[in-house]
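With chain A fixed as given, assemble chain B onto it according to the hints.
There are 2 protein chains.
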Amino acid sequence: MKPPLTPLVASLPATVPFVGPEKQERDRGRPFAARIGANESVFGPSPKAVEAMRQAAPEMWMYCDPNNHDLRQALAAHHGIAPETIVIGEGIDGLLGYTVRLFIEPGQTVVTSAGAYPTFNYHVAGFGGKLVTVTYRDDAEDPDALAEAAHRTGARLVYIANPDNPMGTWHDATRISRLIEAMPEGCILCLDEAYIEFAPESAAPDWDTDDPRVIRFRTFSKAHGMAGLRIGYLVAAPETAAAFDRIRNHFGVTRMAQVAALAALEDTDHMASVQASVARARDRIAEIASDNGLAALPSATNFVTIDCGRDGDYARRVLAELLERDIFVRMPGIAPLDRCIRVSAGTGADLLLLAKALPDALAAAG
Amino acid sequence: MKPPLTPLVASLPATVPFVGPEKQERDRGRPFAARIGANESVFGPSPKAVEAMRQAAPEMWMYCDPNNHDLRQALAAHHGIAPETIVIGEGIDGLLGYTVRLFIEPGQTVVTSAGAYPTFNYHVAGFGGKLVTVTYRDDAEDPDALAEAAHRTGARLVYIANPDNPMGTWHDATRISRLIEAMPEGCILCLDEAYIEFAPESAAPDWDTDDPRVIRFRTFSKAHGMAGLRIGYLVAAPETAAAFDRIRNHFGVTRMAQVAALAALEDTDHMASVQASVARARDRIAEIASDNGLAALPSATNFVTIDCGRDGDYARRVLAELLERDIFVRMPGIAPLDRCIRVSAGTGADLLLLAKALPDALAAAG
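Sequence order for the protein chains is A and B. Each residue of the first sequence is one higher than the one before, counting from 1 in the numbering used here. Each residue of the second sequence is one higher than the one before, counting from 367 in the numbering used here.
Isolated chain A (complex conformation) (with noise of 0.2 Å):
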C-alpha cells in the first residue's frame, strides 16, 4: 500500500527549505570552524535569559501556558500594544504556516518576490497556494512591484521582508505604509520584520494595530539569540490575531522558550551590545570584502551580502570553496542575487578565519 496521501500532498516535492549545518558537517565529515551563514547571533542569548533557562531546566514536567499570557503581557507593554493583537508561535516559520493556512485556499494567488524567503514559499505550496513573484530592484525587494501584482493577480496575501533576507537592504517606514495603504481589498501583507533591530529606527512604522492589512512577525531567533528555542511572535488587528486560535497548535510552544523569552526581552542592556557587535562585525565583513575587491551591500540585518562581481556559477564556486575552508556561509538562489554571497555577522575569530580564507576561495573560484 502506498501512502494514502492527498492529491496535493502527493503533488509536492521531497525537497527541503534548508540543509542545514549539521548535514553538511556529516556529510563533509568534519565540523565548520566558523558557523556564520544562517543568520544566527554568535553573540548568543541574554545571560539573563541562560540563567533562567537554567533555573527553569526541572519544571519542563509541566506544559507550557497555551495562552502564553505572561510573555504577551510584557511584549504588549515593550511595544505599547495591546495584548489581544500579538500571537506567540514556534518562530516566524510557524507563524508564516498558520498565515497561510488561515487565508489560501488551494488555487488562490500570494505575490512574493523571487529569491526571498523560501520557508514562506514552503508553505505557500503546502496549502496549495499559486505563487507569484516580482523581481528585486536594485538588490531591494520593490513595494511598487508587489502592490501592482497583489492587483493584478487578485493575490489574498503579499510577502516583504523589511529589512531583506537574503540582500540586507530595507525600506522606511513611510515606504511600507505607502504598500500597506496599497493592498487590495481582501488582501494582506506579510510584514517579516525578522531582521528590525539591527536596523535604522525609522525603518518601522509605528504599531496600528487597527488596520487589518497587514501582519508584521517579529522573533527571538536573531537579536535575542535564541534560534534554538523556536520562538517569535506576530502583530495583528485583534479579530485577525484571534482567529489563529482556531488552527494553531496550542500548546506548541516551549515553556522553556516562554521563560527565556521574557528575560530577554528585560535585558536591553544586552540588546544594546548585540546591536554594537553586529554593527562591528557588519563593518568588518565590508572590509574584508573591499580587500578582496568585492563590493559588500549596505546592511540593516545582523549580515552582510557580498557581491562577488560576476555571475551565480562563479558565486556559487566562491561559495564552495569557503565550505572547503571550513566556513559556512549560504548565498541567495535566484539570479541576479545569486552573484553574492551571504556572510552573518561573526565573532573577531569568526571574521579572521573569513579573512584567511576568503583570499584563497576566491583563487580557487578561478
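Some hints here could point you the wrong way.
Part of the chain A face toward chain B, derived, beta carbon under 8 Å [claimed, not checked]: (1) 20; (2) 40; (3) 54; (4) 90; (5) 156; (6) 186; (7) 212; (8) 225; (9) 242; (10) 243; (11) 246; (12) 250.
Straight-line alpha carbon distances no greater than 25 Å define the calculated PhoX-like cross-link-like pairs of lysine-lysine that follow [claimed, not checked]: (13) 130(A) <-> 368(B); (14) 496(B) <-> 2(A); (15) 48(A) <-> 414(B).
Okay, the calculated beta carbon distance ranges per label pair [stated by the list, open to error]: (16) 397(B) <-> 356(A): 51 to 61 Å; (17) 27(A) <-> 446(B): 18 to 28 Å; (18) 144(A) <-> 443(B): 48 to 58 Å; (19) 448(B) <-> 1(A): 17 to 27 Å; (20) 443(B) <-> 178(A): 56 to 66 Å; (21) 424(B) <-> 27(A): 22 to 32 Å; (22) 417(B) <-> 178(A): 50 to 60 Å; (23) 714(B) <-> 238(A): 41 to 51 Å; (24) 105(A) <-> 503(B): 37 to 47 Å; (25) 47(A) <-> 503(B): 52 to 62 Å; (26) 700(B) <-> 200(A): 49 to 59 Å.
Since the hints were made in silico from the structure, they are not lab data. Beta carbons: idealized from backbone N, C-alpha and C, even for Gly.
Just chain B now, with coordinates in the frame of chain A:
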C-alpha cells in the same frame, strides 16, 4: 475589513481543546496547591536531562538540526528499528496535526471514540475532516467498533490510544494487532502510545515498520517528564515517514528539546524510578478513592480515573469542589465517561492534599 479567512477556517469554532491550569489560576486569583490534572510527570525530567539543558542553554543561538539526526539515531538504536521510520516533531499534538494534513481532505471521514483525545479531533476539524465516533465499551476504547466504523464510513484515518486517555484502560498487543489487520484498504491507524511506558509490556505490539497501515506515536512529555519541551515522535513505514518532510516545520523542534531528549533516553535508571513512583501513586490514588467509597479504574498510565458513581453533573460538581480546594484535576468530557474524574500520579504531598480535600469535596457536591 473582516479577516479574509478561508471558508473552512471561518467555519471553525473559536473554542480551544484545553484550558491550561495557568489560565485557571489567573481566573481564580490564586495558584493550585496540587497540579495533578494534565497527566504531567511530577517526578520531573531525568537529572541528566536537566544537566544537559543547563549545559546547552548558552548554545541556544543556534538553530536546531532540522534532520533531528542524533535523536533519530538514538531512538532507532533504542527500539531496534531504522532511523528512516522515525519522525521527530513538536510533541504528539504537532505530529497528529501533520498526520491529518497529510491524509485528510475536506469531507473525508476519520473515526475515533466519543470522549477520546480532543486535540486529535481539533486537528481533524481544522482540516475539514468529518469525524465519526464510536462509543467506549466497558470504559475502554472498542477496537471492533472502530474497525467496523472505518469500513462502514470509508474512513481514511482511525485513532486509538493504547493505553487510553482519559480512562487509563488498555488492550493487549494481540488485540491492537488485530485492529491493524482490520484496517480497510487506504486507511491508516493512528496508534497513540503516549502512556506506553506505564503499561505492561504485553500492551505494545512488536515493531513492524514495513506495515503501512499504522503510525505509532510516542512522546517525551509523559514518562520522560518533559511536557514543557514539546518533543515527540512517530514510527511509520519509511515511505509514510518521508512524506512528513513535505509539510512539516523543519526547524520546529527546539535544540533544547533535542539535547534533553537524547540525555533522557539514555537515563534508564530515571525511567525505572519514575515507573515505580507512578505505580505507587496509582495505588495510593486507588486507596484514597476506596477510602471515600469510590471505585478507581485499573490504569496502565500515569493517572487514575475515579468513578464517582453517579452522573456527569455530579462528577462535574466534585471536580469543581476539588478545584475550589486548590486541587487541579480534570475529567472526561462525554457521557457515560463523565461520571469519572481523572487524577494524575502526584507526589506524596500532592496526594496527601487530595486525600484531605476529597471527603469535603464529595460532601459539598451533595
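What's the verdict on residue 496(B) and residue 2(A), does the C-alpha distance respect the 25 Å limit or exceed it? holds, 23 Å
Taking the closest Cβ pair, is residue 212(A) under 8 Å from chain B? Holds, because the Cβ-Cβ distance from residue 212(A) to chain B comes to roughly 5 Å (cut-off 8 Å).
Can residue 20(A) be said to touch chain B, with a Cβ gap under 8 Å? holds, 5 Å
Range hint 22 to 32 Å: satisfied by the CB atoms of residue 424(B) and residue 27(A)? Holds: the Cβ-Cβ distance is about 27 Å, inside 22 to 32 Å.
Take a look at whether the Cβ-Cβ distance between residue 714(B) and residue 238(A) falls inside 41 to 51 Å. With a Cβ separation near 45 Å, residue 714(B) and residue 238(A) satisfy 41 to 51 Å, so the hint holds.
Is it true that the C-beta distance of residue 417(B) to residue 178(A) lies inside 50 to 60 Å, as the hint says? Once the Cβ atoms are compared, 53 Å apart, the range 50 to 60 Å for residue 178(A) and residue 417(B) holds.
With the threshold set at 25 Å, check whether the alpha-carbon distance from residue 130(A) to residue 368(B) stays at or below it. Holds, at about 23 Å.
Within 48 to 58 Å or not, the Cβ separation of residue 144(A) and residue 443(B)? For residue 443(B) against residue 144(A), whose Cβ atoms are near 56 Å apart, the range 48 to 58 Å holds.
Between residue 48(A) and residue 414(B), does the CA-CA distance stay at or below 25 Å? Given pair residue 48(A), residue 414(B) holds - Cα atoms ~23 Å apart, limit 25 Å.
Against chain B, with CB atoms and a cut of 8 Å, does the hint on residue 156(A) hold up? With a closest approach of 6 Å, the residue 156(A) hint holds.
Is the interface hint for residue 225(A) satisfied, with its Cβ closer than 8 Å to some Cβ of chain B? Nearest chain B Cβ about 4 Å off; hint holds.
For the hint on residue 250(A), just tell me whether its beta-carbon gets within less than 8 Å of chain B. holds, 6 Å
Of the numbered hints stated above, none is contradicted by the structure.
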